Amino acid sequence: MRYLLPIILIISACASLKKTKTANMSETPATKAFIRQNESIDMGGELFQIQSANIIGNRLHIIIKSHPMLNADDFDLTGSANISKSLPPIRAIRLDVKKIPIQKGDNSIVMMEHDLVFDIKDLAYKQETGSQIYLQFEGAKERFLYTYK
Numbered sequence: 001m002r003y004l005l006p007i008i009l010i011i012s013a014c015a016s017l018k019k020t021k022t023a024n025m026s027e028t029p030a031t032k033a034f035i036r037q038n039e040s041i042d043m044g045g046e047l048f049q050i051q052s053a054n055i056i057g058n059r060l061h062i063i064i065k066s067h068p069m070l071n072a073d074d075f076d077l078t079g080s081a082n083i084s085k086s087l088p089p090i091r092a093i094r095l096d097v098k099k100i101p102i103q104k105g106d107n108s109i110v111m112m113e114h115d116l117v118f119d120i121k122d123l124a125y126k127q128e129t130g131s132q133i134y135l136q137f138e139g140a141k142e143r144f145l146y147t148y149k
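Heads up: the sequence shown begins at 1 in my numbering, then just goes up one per residue.
The set of hints was computed from the structure by calculation and includes no laboratory data. Note that this is a predicted model, so its numbers are computed, not measured. This list has only true hints and no planted wrong ones.
FRET-style restraints, in silico, Cβ to Cβ:
hint: 1; residue 1: E142; residue 2: F34; range: 20 to 28 Å
hint: 2; residue 1: T129; residue 2: K99; range: 35 to 43 Å
hint: 3; residue 1: E128; residue 2: I11; range: 35 to 43 Å
hint: 4; residue 1: P89; residue 2: I109; range: 33 to 41 Å
Just so it is clear, CB atoms sit at the ideal spot from N, CA and C, and this is done for glycine as well.
Could you build all of it, start to finish, from the sequences and the hints given here?
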């Protein structure tokens, strides 16, 4: 009997520790990237500058400097429906602005830094584990190898 109480306490402590670990492990929400059906006019390219981008899992993390009136929800990531025939294939992607802030007479605007996270599962060549595709920002020389997970 005297050994039974410590064993029960240890088991209950381990069970409560597992519950707290899973509750705290939550990912940040990501905006879903999508394939654009038709080519559109670039509106707002001068309102932001891409500082860096990297792919972690099925998410593209982008750090930008943008107009102070814009926030992270004002951006969309779109991919071209056309894919180049190379190994692995290449898809052009573009960061679009949903709204264009207008301020008259203010030419010297201080740019604000934002961290954007996009779910890029829909931009994969095939939605199968291990499927690879290069994602290339329009106008940029560097491209990112994305492996679907």
